[in-house]
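Participant: One-letter residues, chain by chain:
Number of protein chains: 2
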Amino acid sequence: MTKWVYNFNGNSTDGDQTQKDLLGGKGANLAQMSALGLAVPEGFTVSTEACIDYYKNDQKINDDIRSQVESSLKLVEQITGKTFGGQSNPLLFSVRSGARVSMPGMMDTVLNLGMNDKTVEAMASKTGNARFAWDSYRRFIQMFSNVVLGLNTSILEAQLEDLKEARNYESDTDLSAEDLQELVHVYKQVLMEEFGKTFPQDPMDQLWAAIGAVFSSWNNPRAIKYRQMNGFSDDWGTAVNIQSMVFGNTGDTSATGVCFTRDPSTGEKQFFGEYLINAQGEDVVAGIRTPAPINETSKNDSNKNLRTLKEELPEAYDELVEVYQKLEAHYKDMQDIEFTIEDKKLYILQTRTGKRTINAALKIAVDLTNEGVINKEEALLRIRPEDLDKLLHPRLDPKADKELLAKGLPASPGASCGQIVFTSEDAANWVNAGKKVLLVRQETSPEDIGGMHVSDGILTARGGMTSHAAVVARGMGKPCVAGCSALEIDEHNKKLVIGEKTFNEGDHLTFDGGTGEIFNGIVPTIKASISDNFEIFMSWADEVKRLKVRTNADNPEDSEVARKFGAQGIGLCRTEHMFFDSERILAVREMIFASSSEDRAIAIAKLLPFQREDFKGIFTAMNGLPVNIRLLDPPLHEFLPHKDEEYAELAQSLNVDKAVIYKRKDELHEFNPMLGHRGCRLGVTFPEIYNMQVRAIIEAAIEVSAKGVDVQPEIMIPLIASNNELAILKKNAQGVIADVFKEKGTEVKHKIGTMLELPRACITAGEIANTADFFSFGTNDLTQTTFGLSRDDSGKFLPFYTQKEIFKRDPFVSIDQDGVGFLVAHAVKEGKKNNPDIHCGICGEHGGESASIEFCHKVGLDYVSCSPFRVPVARLAAARAQILHG
Amino acid sequence: MTKWVYNFNGNSTDGDQTQKDLLGGKGANLAQMSALGLAVPEGFTVSTEACIDYYKNDQKINDDIRSQVESSLKLVEQITGKTFGGQSNPLLFSVRSGARVSMPGMMDTVLNLGMNDKTVEAMASKTGNARFAWDSYRRFIQMFSNVVLGLNTSILEAQLEDLKEARNYESDTDLSAEDLQELVHVYKQVLMEEFGKTFPQDPMDQLWAAIGAVFSSWNNPRAIKYRQMNGFSDDWGTAVNIQSMVFGNTGDTSATGVCFTRDPSTGEKQFFGEYLINAQGEDVVAGIRTPAPINETSKNDSNKNLRTLKEELPEAYDELVEVYQKLEAHYKDMQDIEFTIEDKKLYILQTRTGKRTINAALKIAVDLTNEGVINKEEALLRIRPEDLDKLLHPRLDPKADKELLAKGLPASPGASCGQIVFTSEDAANWVNAGKKVLLVRQETSPEDIGGMHVSDGILTARGGMTSHAAVVARGMGKPCVAGCSALEIDEHNKKLVIGEKTFNEGDHLTFDGGTGEIFNGIVPTIKASISDNFEIFMSWADEVKRLKVRTNADNPEDSEVARKFGAQGIGLCRTEHMFFDSERILAVREMIFASSSEDRAIAIAKLLPFQREDFKGIFTAMNGLPVNIRLLDPPLHEFLPHKDEEYAELAQSLNVDKAVIYKRKDELHEFNPMLGHRGCRLGVTFPEIYNMQVRAIIEAAIEVSAKGVDVQPEIMIPLIASNNELAILKKNAQGVIADVFKEKGTEVKHKIGTMLELPRACITAGEIANTADFFSFGTNDLTQTTFGLSRDDSGKFLPFYTQKEIFKRDPFVSIDQDGVGFLVAHAVKEGKKNNPDIHCGICGEHGGESASIEFCHKVGLDYVSCSPFRVPVARLAAARAQILHG
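Chain order of the listed sequences is A and B. In short: position in the first sequence from 1, add 628, done, that's our numbering. In short: position in the second sequence from 1, add 628, done, that's our numbering.
Okay, chain A solo, but in the shape it has when bound (with noise of 0.2 Å):
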């Protein structure tokens, strides 16, 4: 005969925490408990398979399981000693369904199952407590009614408002024994109204129905879209489970509470917990009476006056001692605990694994290590990587008051603080008068850098997650709201409008990056600190994982930055970025407006000092670790001028005609820059500036090189859609290089390889990896061909889509893995068929997105590179995925 009813109860229990698939997660946690000796109010639980039946069934509860069912209740009510609609010593139950994972949209529990007119006289004296009885049926009636026969809880609930009104009660702890015992009639009646018969006073009847309900909901149409997005199964089904109910509020040997093994926001391995005597769970969090300390430990200024639990209740407190240990033995992790202690007997009613801090979270782990408990793996997975943000940014102080304004993408974690301006020669000019600024432009440029580099915070009204404000901000380590549309920004008069609110030039603004709010005025702020248990555990992830870890720095400092925080290589230095200084822009400007291949060679001459110097300050900082410069990749007007007087400095010194000047700039004019004249294209029919590039890196490679630094340079074309266009760039590089090296007569190791950011690249990666040492997949530009999706135009309708669940999340901060995933996963299994050495990693934006670095792990990348703020994100990321898969 088949098993469909599984007891747990401190005589015998059917079944354990591996069995969720029969007993659902509740069911398989209950039994766990259960087979682990702690006192769990004593149950049984209906097998997912009987939910199963009960469909092949026509809906209808099979005779074997009623028998089953029968059979387990008699047995309860034997350990118990107490009987199910028993007139003396009533057995209550509590009904709850439960799957196999958690899922919205299933039945919500009843408790107090078994009540009726009679069982509700004998809780009134057993607890000497007649309002409490008459509470509990009123609201075991309301709930009944509404989760077990679908009535709108409103038509109760209006009920119990006529009769407050009528009393001019104000709260509900207002009505008495004799109220609630009114209203419990006046339920009633409603009720025969509503569907012809009276309430079932039959605990048999009552606890058919609610078995009947738990399966019937399991096919409620929230539950079955969940599954379906989900991809959970419509034959799993649900248990259900049965427990009795136990009391706290019987008198003064009864109480109930909450413990936590260890200190959920320090960490501190001491048993800690707050409980009442004569009380129910609901009590502890009403605060109405103020929870006592179960021990010393627990103590504080608010109840160090109150009676511990060790003193009132010792035997009860001594086995919770011994139940705390065995339940973070068993569990190993800090658990939440919820006890009711019913006649001086501790009863456990739920344990799960505790919240806490992310510095409480570091040192369990650290310490649950340390005693042998878990090991380094496990200790790796306690930790979601994105929360190690938040120790290394500072954060708005948790117990200020805040006003919130507005709320945008949040672009780069962090709270700040500061005084807005508008430009960003006012952010220098403020921060030089010795001011904290936050930068508030529409969007940002890259001529904005410098402005960026002085503010404390970054907020923009355009672009999204990976826009320029937030890319640049995210390598800073600086924070940044990016794309908020609640702002308007008025540049010209300095004046920025939110809402109702205008703020000028000078008003302090504060904001977290971390979430996207924008609060008025100053909030306080707490320092960013990192721990010794930082430390160790990060050494754990380093020792585990297999991806290195690279970071995306464009000059020494943040290259600096990066290697503490543990980076092993640069993965991306955009060459670019150093374009836009004051000193050089002339002179790029001069290069683009050339109008022959000698004058560009002239400009381009003027640019070589600068840009070695640059990269022997980046090799230098990176000594010993790989060094991947990207030749200049964006497309030629993102470096034209803004300002007439600019465009007249420029014909000045290129001494033609302004019109001129004007004419190009019309010509350099693209519908879709994105798709334009940029990368790789530019170096094919421009070879002047990559030969420039690449003579400058191999000559700082050399000059820091004969100073004893260890270089290791490579040089990366972006933008390739064709080997042929890797060929002749990688030709023109050798030669260049063959020229340096003639010269200086020395040489130095270096790779040259390909950014793949192209579908097409990634299609014919096999072929490119012929001519290419190394793939790097740049994944921002990868995601906007492969969606076909502007990331500087999405801000009109990709919040709309994520929110929609269109794209489950935006592909911009975590990698799509069925689309742009599946051509990196093309793109390294052909690469590496025909070029094993090929080394392989990514450089988008995700390297720094937990899931996504996952991803790069299990398709077989050899690093991730991220912003330097991110680095220790990634390593963790990378750890767990090595533990996870392998």
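There could be a bad hint or two in this list.
Since the list gives no way to pick out one identical chain from another, each pair is judged satisfied if it fits inside one copy or across any two copies.
As the list claims (entries may be wrong) - In silico PhoX-like cross-links for lysine-lysine, where the CA-CA straight-line distance does not exceed 20 Å:
1) Lys1359 x Lys1379
2) Lys853 x Lys1432
3) Lys1129 x Lys932
4) Lys853 x Lys1358
5) Lys1123 x Lys1291
Hints in this document: simulated from the structure, not taken from any laboratory.
Put chain B on the given structure of chain A with help from the hints.
Facilitator: Same frame as chain A, now just chain B:
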């Protein structure tokens, strides 16, 4: 012993046309002609294997090869009765290289090898023409010195010029036999100075040197580069063809000529040719003597009084008739035959498939099929699909004088002549005044549709082969040259500057859209005409082809044209082309600027009747055939006003301030509109637009269906990146359709599918196939995103790329099979796996290009769709693909 040398002569021939790998292309053909029993001048071929051996053997000709060459040479002497180096009847040879495929860079032909100071005298007496003998000798020395010895030609040419100057001669023909004899003397002195030894007098020395030079030329840089570019193996080697010389100038029983087995300009089945008595081949081309007709049918006005070959040398003529019949029967195609008669003996020097006009080609293919020489499949392979285009468009009179001004992209074929205008409004006005105009624009936009429609041709300065002008012009079948950067257009002053010339409004220009050439003034054109043979031939294509051919058409007129050209449905009807009509554009703009969903609905409701009428017209024109209608695709800002008065009108109509309109315009700005808020993204965020379009389609279908029209609407949702988008929009559409069915009390069959034009859609096509009834590959946009290449901006580097063969072909012209093609093939495979009934087609511009159509056939598409005038090309290409690939 290895056979290194293969004879061809009247007695025995060792090879045939199948042995190209061993004998090279030329050698195999000579062997084949000889094997057919034709009097090919006797000779032999040194095999490609001998070449390979030559390289293995340190660039020496081994003794086996030498002895086989000597044997074969003896055989030729025996058969011809001539002696190599002989002093009475000398045997002379031509020496030619010949690899398995024709390869630029290989050695040029050396004629008259075997001449020396003695044989020259023998030739003089044999031909009775000392001047000819000495001229042949000095030419041989010159050729041999250059081709075999590697001497720069100019060194000997200079001597020739000096002599002419000294003698005061104007032309080479002024040189006497004595002059030439002197020149030979001078040549030999020069060579002595250059090489330090005498010019080789021993014919065998000449022969070995020539064979070695042919072998060496296999590895000259140009040949190596050519092989690399084409992926040809370096291991193939080249053969050497050594063939005895014959002379048509040995007296009045000798002659030389050219004949065709059918008339190459009309295709008429009549033997046709010209000849000269006592002449060499070059004399026929030189034009000094008027060649005579070979027979009565070859007579024309200029040669009708000359005696025919049939009359002069009847036996040779009769033999030639036999030969031509044998050759045409063997090669099964019209042949272009070169012959020489030496002392009444006919020699066939060469036969090849004759060039012909497209009209002749059609007639010959149809006639040969009717004669039973070839079958229909073979006939279909005889015509290049692209050549059909010439039949459908007017062309320039080939005899007319032309002054070429500039060359742009051949965007839409056909010749056109007219007066230039610079705006669409002017075009309309001038045409109303009875003029023929050419519309000259920087680039066209959708607002120019009206102007393009009335113009005779379109010229643009910007944009590529798939620019707006190009696509629309091809759709209209109107000649167009696009992206001609030599055009400097001053629209404001209505001036066009090309180089030094300035043209004003009303000036005449002529251009050829098939070549991209623009000519000064009026050049006469010839109208298009379609022959019966065309209809017969195309019916055979339809019998054979598997792929269906649809057309891209947006209105009833184009639909009807396409149907006449054999279109089997509409593959792409772009609804937005209808939005620019002056009656509707205001409603479109009201829709865009609506501030609420309600206002938007009001504007959209105004558009509904227009759209419905459009669709009724198209459905009626395509009665019985499927009509695929794409819902709105471009970004909304394409429909924005350009002029301030239009903004004012719009503001008034919407009853808002003009500033509001301008602000909204700024909000609509996109950095990369191609990757912006367009296509299904508009459909998802503003569902009202698509709902209106679906309603218009279904209401139109029901209305015309009631009148007996067989309607087969297909609703196409563009720019899908994720199946979720399609699922939402399909559901919306089905809701509207259900409403319309209910309102009208009737239903029509319809399909809902999607345009695959983004890499991600192709990658995830398996999933999308579960939702879509059909896939239509939008390969224009797919090419843009796969390459990360904007077609509008590619003009700055794409021409350079194709010229340098970085991209073998413009990927917007011929589908990129490795990249874009990979995605198409993947999508078809994955789509059909999940939904075997899914119908797949292509609607990008590639649908009318023959290599792309062949690819579409191979990957299993069901149809291609192209502009109306490309339909015949596509039909033929589809048939050829079926024949070649089954």
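Participant: If you test the structure against every hint from before, which numbers come out violated?
Facilitator: Hint 3 is the one this structure does not satisfy, whereas the remaining hints hold.
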